[in-house]
Every structure is written in C-alpha cells, then in structure tokens.
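Enquirer: These protein sequences, in sequence, are chains D, Y and Z.
Those letters in the first sequence? Residues 1 to 145, by our numbering.
Those letters in the second sequence? Residues 1 to 513, by our numbering.
Those letters in the third sequence? Residues 1 to 117, by our numbering.
Certain hints may be false.
Claimed, not checked - Beta-carbon label-pair distances, calculated as ranges:
{"id": "1", "chain 1": "Z", "residue 1": "Asn26", "chain 2": "Y", "residue 2": "Leu486", "range": "49 to 55 Å"}
{"id": "2", "chain 1": "D", "residue 1": "Val11", "chain 2": "Z", "residue 2": "Phe23", "range": "45 to 51 Å"}
{"id": "3", "chain 1": "Y", "residue 1": "Leu27", "chain 2": "D", "residue 2": "Leu18", "range": "35 to 41 Å"}
Unchecked claim - Facing chain Y, a subset of chain D residues (Cβ under 8 Å, in silico):
{"id": "4", "residue": "Thr73"}
{"id": "5", "residue": "Ile74"}
{"id": "6", "residue": "Ser77"}
{"id": "7", "residue": "Leu81"}
{"id": "8", "residue": "Ala84"}
{"id": "9", "residue": "Ala137"}
As the list claims (entries may be wrong) - Some chain D residues close to chain Y (C-beta under 10 Å, calculated; not the full set):
{"id": "10", "residue": "Lys12"}
{"id": "11", "residue": "Phe25"}
{"id": "12", "residue": "Pro42"}
{"id": "13", "residue": "Glu76"}
{"id": "14", "residue": "Gly79"}
{"id": "15", "residue": "Ile118"}
If you're looking for bench data, these hints aren't it; they were derived computationally from the structure.
Quick caveat, the model's predicted, so the values are computed rather than measured.
Idealized CB from N, CA, C, for every residue including glycine.
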Amino acid sequence: MNEDEGMSLIVKTLTRSLFPIMVLFGAYVILHGHITPGGGFPGGVIIATGVVMMLLAYGAKKAKQIVNVNQTTILESFGALTIAVLGLLGIVLIGQFLEGVPGVGYIGTLFSGSNLAILNIGVGIKVAAGLITITYAMLELEGGH
Amino acid sequence: MIVDDLTILAIVVPLIGGFLTPLMGMLGRKVGSPKVRDYFALLVSIVTVVFMFYIGKAVIGQGQMLTYSLAGRLAPWGINLAVDGFAFLAGLVGSSVTLVAVVYSLGFMEQGHGLDKYYLLLLILSAGMIGVSFTGDIFNLYVFFEIMSLTSYGLVAYYRDGKALEGAFKYLVIGALGTVAILLGIGVLYGMVGTLNIADLSVRLGAIQAASGFTSPMMFALGLFIAGFGIKIGMIPLHVWLPDAYQAAPSSITAAFAGGTAVVGVYALLRSTFMLFGAVDMSTIFVFLGFVSMIVGAFMALVQTDLKRLLAYSGVSQMGYILVGVGVGGLGAGLIGVEGGLFHMLNNAIYKSLLFLCAGVIVYKVGTTDMDKLGGLSSEMPVTTLTFLIGALAIAGIPFFNGFASKLQIYFATLQVNPLFTIISVVISALTLAYFLKALGEVFLGQPTEEVKESIAESKSIPKKMLIPMVFLAFLCVLLGVLPQLGLEIVEPASEALLSRVEYVEEVLHAAI
Amino acid sequence: MIASLHYPIAILMFVVGIYCLLFRRNLIKMVMGLGILTNGVHLFLVSVGYRIGGAAPILTGGLNQFAGAPVDPLPQVLVLTSIVIDISIVALALSLIIYIYREHGTLNPDKIRELRG
C-alpha cells in the first residue's frame with residue numbers, strides 16, 4: 001500500500017472521532033466477557049480493527065507514529081505474562097493453577113466469576129497487539145514474519 | 001503435591017518462556033549481545049526437561065498416575081491433566097527433542113534473521129507438544145495440537161524462499177483439513193455423549209458400545225480422528241505434505257518434527273482411538289495402514305536424490321512399523337506388540353532426529369542436500385560421518401543398535417499373529433538398509449565433487465554446539481541397543497497404560513471424588 | 001423442524017468449502033474455501049447444542065432467568081476458540097501467499113511447483 005498521504009479529509013476526521021469509540025467498545029466487550037457474549041478474543045479484534053482503521057485513513061507513516069511494532073511486541077508479551085502470573089498466583093495462594101484469586105462475586109455483575117475479567121484483559125491485550133503486528137507485517141511496514 | 005504442580009508447569013514454562021523470547025531479544029540488542037535470547041531459550045528448555053525428570057520419577061518410578069485439575073474445577077466438568085506412562089513418554093520425547101533442537105540451533109542458526117520469532121515458535125511448539133501429551137480433555141488436546149501445528153507451519157517457512165513457502169503452504173492447507181476433521185470428530189462425539197473429558201468419554205462411549213455395538217456416528221468420528229491425526233504423523237495416504245515440508249524447513253526444525261510432532265501425533269492418535277473406542281477393534285486398521293506406510297515409504301525413499309527427502313520418506317516407513325507393532329498388539333500379540341511399537345517410536349525419535357541433524361551439518365558446510373552433487377564428505381566431516389553411520393545402522397535394525405531391539409520385538413509380535421507380516425517387515429528392513437547404504441555411499445564416501453570442494457573451501461568450521469547433540473543422540477542409539485532394558489523401563493509402563501482403559505478412567509474420575 | 005435445517009446447511013457449507021479448496025486455481029480462493037469449510041463445521045458444532053425453544057445463555061437478570069432450558073453454551077465456547085484458531089491459520093496462509101506472490105508473481109498453484117518427487 002503506497003498511501004502515505006492517507007485518504008480524504010472527511011475520512012480522516014470521521015476516523016479520528018470513531019477511533020476512541022472503537023477502542024472503548026472493544027474494552028467494554030473484553031471486560032464484560034464473562035457476562036455477555038464476547039470476551040478477550042473478539043474485544044481484542046475490535047481494538048485492533050480500530051487501529052487498522054486509523055492506518056487506512058491516515059497512511060502508513062502517521063500510523064507508525066501512533067503504534068509502533070516494538071510497543072506491540074512488548075504489549076504482547078505483557079499480555080502473556082498477565083495470564084501466566086495470574087495462573088501462578090493461583091498455585092501459590094490457593095493450590096491449583098488458575099484458581100480464582102479475587103474470589104467469586106455476585107453473579108451477573110461485573111465483579112463475578114473470580115479472575116475471569118483480568119484473564120480477559122490479558123487475552124484482549126495480547127490479541128490486539130498480535131493482530132496489529134500481523135497487519136504491519138503484511139503491509140511490509142516493519143518486515144519480519 | 002509438588003510433583004502434581006510440575007505437570008502444569010511443564011506446559012506453562014515453555015509457553016511463557018516462548019512469549020518472553022522477543023523481549024529477551026530486544027534486551028539483548030540493547031545490551032549488544034544477541035546471545036541473551038539464545039541462552040534464555042536454552043534455559044527454558046533445560047528447565048522443562050528437568051521438570052520431566054521429576055515427573056518421570058513419580059510416574060515411572062512409583063507407578064502412579066498424576067492428575068491435576070485446572071482452576072480447581074474437578075473432572076469431568078473442568079479441564080484436567082492426566083499423566084500416565086504413555087503421556088509421560090510422549091511429553092518426555094517432546095521436551096527432549098526441543099532441547100536437542102535448541103542446542104543445535106545455537107550453532108546452526110547463528111547467521112539467521114528473525115531469530116526472535118524462531119525461538120519463540122520453537123518454545124511454543126514444545127509447549128504444544130507437552131500440552132497434547134498431558135491433557136485429559138479432548139478439546140484441550142485439540143487446542144494444543146493446533147498450537148503445535150500452527151507453530152510448525154511458521155517454522156517450515158523460516159527460510160522464506162520458494163521451496164520453504166511452497167512446503168509451508170502445502171503443509172498448512174493439508175494440516176488445516178486435518179484440523180477440521182478432528183474438530184468435526186469432537187463435535188460428533190460431543191453430540192453423542194455430551195462430555196469432553198477423555199476419561200468420561202471413554203466411560204460413556206464404552207457403555208454405548210456395550211449396549212448397541214459400534215454405531216455409525218462412532219465410526220464416523222473414529223475415521224475423522226484417524227484422518228486428522230494421521231496427517232500429522234505422515235501416514236499414507238495423508239503424507240503428501242511431509243517430504244516438501246521436511247525438506248524445506250531448517251534441519252533443526254525437521255529434527256523437531258521427526259522426533260517431536262510425529263511422536264506426539266502418534267500419542268494423540270493412539271490415545272483417542274484406544275481410549276475412546278476400545279483397543280481390539282481398531283487394530284486391524286492400524287496394521288493395514290501401517291503396512292501400507294511401511295512399504296510405500298521405503299519404495300519412495302529408494303528413488304530420492306535429495307537427502308532430506310529420503311530421510312522424510314524413510315520416516316514415513318518407520319511410522320508404519322510403529323503402527324504395525326501397536327496394531328498386532330491389539331490383535332493378539334498383546335503387550336509385546338504394543339511395547340515393540342512404542343519402543344520403536346522412542347527409537348525412531350532418537351535416530352531420525354540424529355539423521356536430520358547430520359543433514360543439517362551438511363547444509364551448513366556445503367549448502368545443499370542434493371545427493372547428486374555431494375560426495376566424499378567423510379574426510380572433511382568425520383564426526384558427522386560416524387554419527388550418520390550409527391543412525392543408519394540403527395534405523396536399519398542392525399544388532400547392537402536401538403533399532404534392532406524394537407524391530408526384533410515387532411517381529412516377535414507379528415510372528416504370533418501372522419508370519420506373513422514378519423516376512424514383509426524383514427524385507428522392508430533390508431530395503432531400509434539398502435537405501436541408507438546408498439545414501440551413505442553417495443554422500444560420504446568416494447571422491448569429493450567439484451561443488452563440494454568449492455563450498456568446503458569457503459565454509460567455516462562446524463560449531464561444537466551442533467556436534468554435541470548429534471554425538472549425544474548417537475550415544476543413545478548405541479546405549480539403547482546394547483542395554484534395551486533402559487528403554488523398556490520407560491516403554492513398559494507406557495504400553496500398559498495404553499492398553500488399560502479402566503485404570504485411566506478410575507484415576508481421573510476418582511480424583512474428582 | 002427448524003433444528004434440522006442447520007445440519008444440511010452446515011454440510012452444504014462444508015462441501016462448498018471443499019470444492020473451492022480443490023478446484024479453484026487461485027491461492028486466495030483456496031484460503032477462502034478453507035474459511036467456508038471451517039465455518040461449516042462451526043455451524044455444525046453450534047447446532048449440536050441447540051435445544052428446541054431454548055433461550056440464549058446470557059445472564060442478565062439473576063439466577064432465576066433459566067427456568068426454561070437454555071441452549072447448550074459449551075459448543076459455543078468451542079466454536080469461539082476454534083474461530084480464533086482459524087483466524088490464525090488464515091492469517092498465516094495469507095502471509096505466506098503474500099510472500100509467494102512476491103516470489104512468483106502469480107497466484108496459480110499449478111505454476112508454483114518447485115519441489116518434486
């Protein structure tokens with residue numbers, strides 16, 4: 001894609017206002033994964049789509065300034081680490097891997113289902129970072145796998 | 001108690017270690033030495049093998065089966081790990097092969113690019129292998145199996161040249177078909193009995209079998225599983241991707257495939273068919289498929305001009321032996337057959353990886369594995385020649401090498417069922433010896449060709465790190481050949497575990513109570 | 001009869017997918033065929049969990065909501081996971097195709113045969 005200049009002004013303005021909404025929506029889907037459909041995976045995809053949208057509208061150069069591959073690599077590993085740490089915490093504090101650390105709360109509210117919410121966050125970060133990396137790689141913005 | 005935790009840690013450590021490798025790579029670049037990442041990967045694989053050692057002491061030494069419920073949710077509703085002798089064997093081979101591959105890669109891949117991702121994929125591959133072996137839930141098995149497959153697709157494409165891409169794409173498409181088959185099989189089983197836990201499935205399917213025989217949905221699911229897992233192990237006629245992928249991948253990766261993913265594939269195949277559907281009925285299929293693979297693999301290997309393709313086809317042939325061994329075990333030879341098959345699986349992992357690592361050394365030194373262009377390498381690479389010779393003798397089943405011990409057992413087992421089987425197996429063994437001698441002669445003996453002389457003049461000396469794993473594997477070949485009891489100590493519990501449906505179920509479901 | 005409609009459609013998708021995979025001489029269409037194939041299987045899986053007259057298993061009003069039988073949520077989770085796996089497969093396949101296209105300039109699999117035997 002050789003669109004270093006991005007698309008027209010209308011598209012750019014719209015995208016700029018839509019982007020935070022998309023990220024917010026993605027975060028909502030992630031956090032409510034244990035009560036409503038969705039969870040880590042689709043939420044991460046939504047956030048990644050938001051970034052890709054910005055990429056399309058603004059062109060490669062500007063997009064690189066916003067999110068850069070090194071950052072995504074770190075984020076990806078961070079996501080994996082969250083899950084691992086939570087799991088290991090389960091072993092240390094309670095006795096089995098992944099056992100609930102905050103404990104089961106009120107069913108049907110945001111704080112239910114023990115550590116599922118935090119797990120979803122970890123997964124969501126990971127998925128979003130991964131998809132962004134893939135998109136960048138496909139467009140040969142950073143090269144690599 | 002602590003050993004139980006090790007089962008989950010054995011999966012988690014390589015997984016997280018793999019994901020941390022790019023970080024280590026970035027760190028290494030800041031500090032100025034890329035070795036940080038390499039040694040980190042090495043550390044992770046060593047730690048995993050150490051875990052295996054402790055798990056082995058419990059499973060083999062004390063004969064207990066380890067179960068572990070994830071998130072404290074008990075079987076059969078939660079996901080649990082179940083490590084019996086057979087699972088341990090598969091996990092042990094998987095983690096050891098990874099360690100061998102990592103050590104080898106430290107030397108082999110020095111000038112590579114994108115090594116961050118290479119080690120990441122390799123470590124996650126090992127996590128996938130151990131995950132498949134240790135899990136007690138069939139959907140979990142599917143997920144880890146996919147983790148294994150996806151990382152392999154990526155690793156095959158590492159060199160990114162035409163051959164690598166074609167091999168990777170073929171592998172991917174065929175592998176994806178296998179994925180779909182397994183998923184469909186799981187769906188059918190779930191529709192039939194409503195559970196995903198292997199032990200629970202075993203109980204309920206057994207009940208259906210006892211009540212109304214072998215129903216058609218069960219046959220459908222069985223066929224799907226055999227197809228799906230058979231793709232991974234290179235069973236004829238699902239092997240089409242194998243020569244291309246094995247040839248195009250870096251040799252360390254091919255060694256990991258031959259010794260790791262193929263073994264874990266056999267584990268998945270046998271576990272799902274024996275545990276879910278009962279041993280005896282399956283066996284005829286396995287014997288049949290095994291013989292086809294044995295024969296076709298050997299004949300295809302005869303006509304190859306590329307060393308790695310030859311090794312790939314011979315791997316298909318050896319896989320046939322494994323299936324035949326296990327098959328006749330079910331048909332009437334009993335424990336001897338299954339032991340022979342599993343022991344051969346273990347030996348195959350050892351000498352196949354050894355042979356592929358040798359091929360890698362040749363690539364490193366000379367740059368090609370086309371046997372027409374090679375010749376007279378023995379003077380330049382004495383260690384490689386010797387280890388290749390040992391590997392070749394082992395695979396052909398010459399006495400004093402490990403291949404002989406397992407093949408002999410398979411011969412005994414087939415003799416009890418049908419002497420014709422034995423004759424075929426022996427003939428194929430002779431054929432194996434033939435094409436290996438041809439390979440040995442063409443590559444190592446004789447006069448060096450022009451290309452060889454040129455490449456050797458420009459190349460550097462072989463790093464020790466590549467030679468160490470090769471020597472180690474060759475040593476194992478001889479050790480297990482002279483003292484097969486060592487191998488049998490691990491294989492016997494595995495075979496018993498494979499044949500005993502009831503004990504597995506009791507352990508897993510009782511742990512819940 | 002509605003429940004029975006899902007299965008034939010799933011199988012139809014499956015067949016269409018296989019057809020695309022085998023007979024289209026274009027790598028990207030092969031990947032699309034793969035996608036259709038996997039989604040056919042997913043449809044099959046979800047249909048397995050269907051209960052006639054069941055409600056969607058989303059908890060919004062406390063525990064008494066499930067007085068009637070909800071649809072089995074387990075296959076939905078399976079499908080969710082499987083969709084993720086398939087995304088990865090498709091992403092990998094597409095990346096490979098990008099590289100292949102750069103190497104060979106064509107997307108016809110018959111022309112891209114370097115390996116033989």
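Enquirer: If a hint holds in the structure, say so; if it doesn't, say that too.
Expert: Here is what the structure says about each hint:
1. Asn26/Z <-> Leu486/Y: 49 to 55 Å: For leucine 486/Y against asparagine 26/Z, whose Cβ atoms are near 54 Å apart, the range 49 to 55 Å holds.
2. Val11/D <-> Phe23/Z: 45 to 51 Å: violated (39 Å)
3. Leu27/Y <-> Leu18/D: 35 to 41 Å: Given about 37 Å between the Cβ atoms, the range holds.
4. Thr73: holds (5 Å)
5. Ile74: The hint holds - isoleucine 74/D has a Cβ within 8 Å of chain Y, the shortest such distance being about 7 Å.
6. Ser77: Holds - the Cβ of serine 77/D comes within 8 Å of chain Y, reaching about 5 Å at its closest.
7. Leu81: Where the cut-off is 8 Å and the nearest Cβ of chain Y is about 7 Å from leucine 81/D, the hint holds.
8. Ala84: holds (4 Å)
9. Ala137: Result: violated, 10 Å to nearest chain Y Cβ.
10. Lys12: violated (33 Å)
11. Phe25: Constraint on phenylalanine 25/D not satisfied, violated at 27 Å.
12. Pro42: With a minimum Cβ separation of about 17 Å from chain Y (threshold 10 Å), the hint on proline 42/D is violated.
13. Glu76: With a minimum Cβ separation of about 7 Å from chain Y (threshold 10 Å), the hint on glutamate 76/D holds.
14. Gly79: holds (8 Å)
15. Ile118: violated (13 Å)
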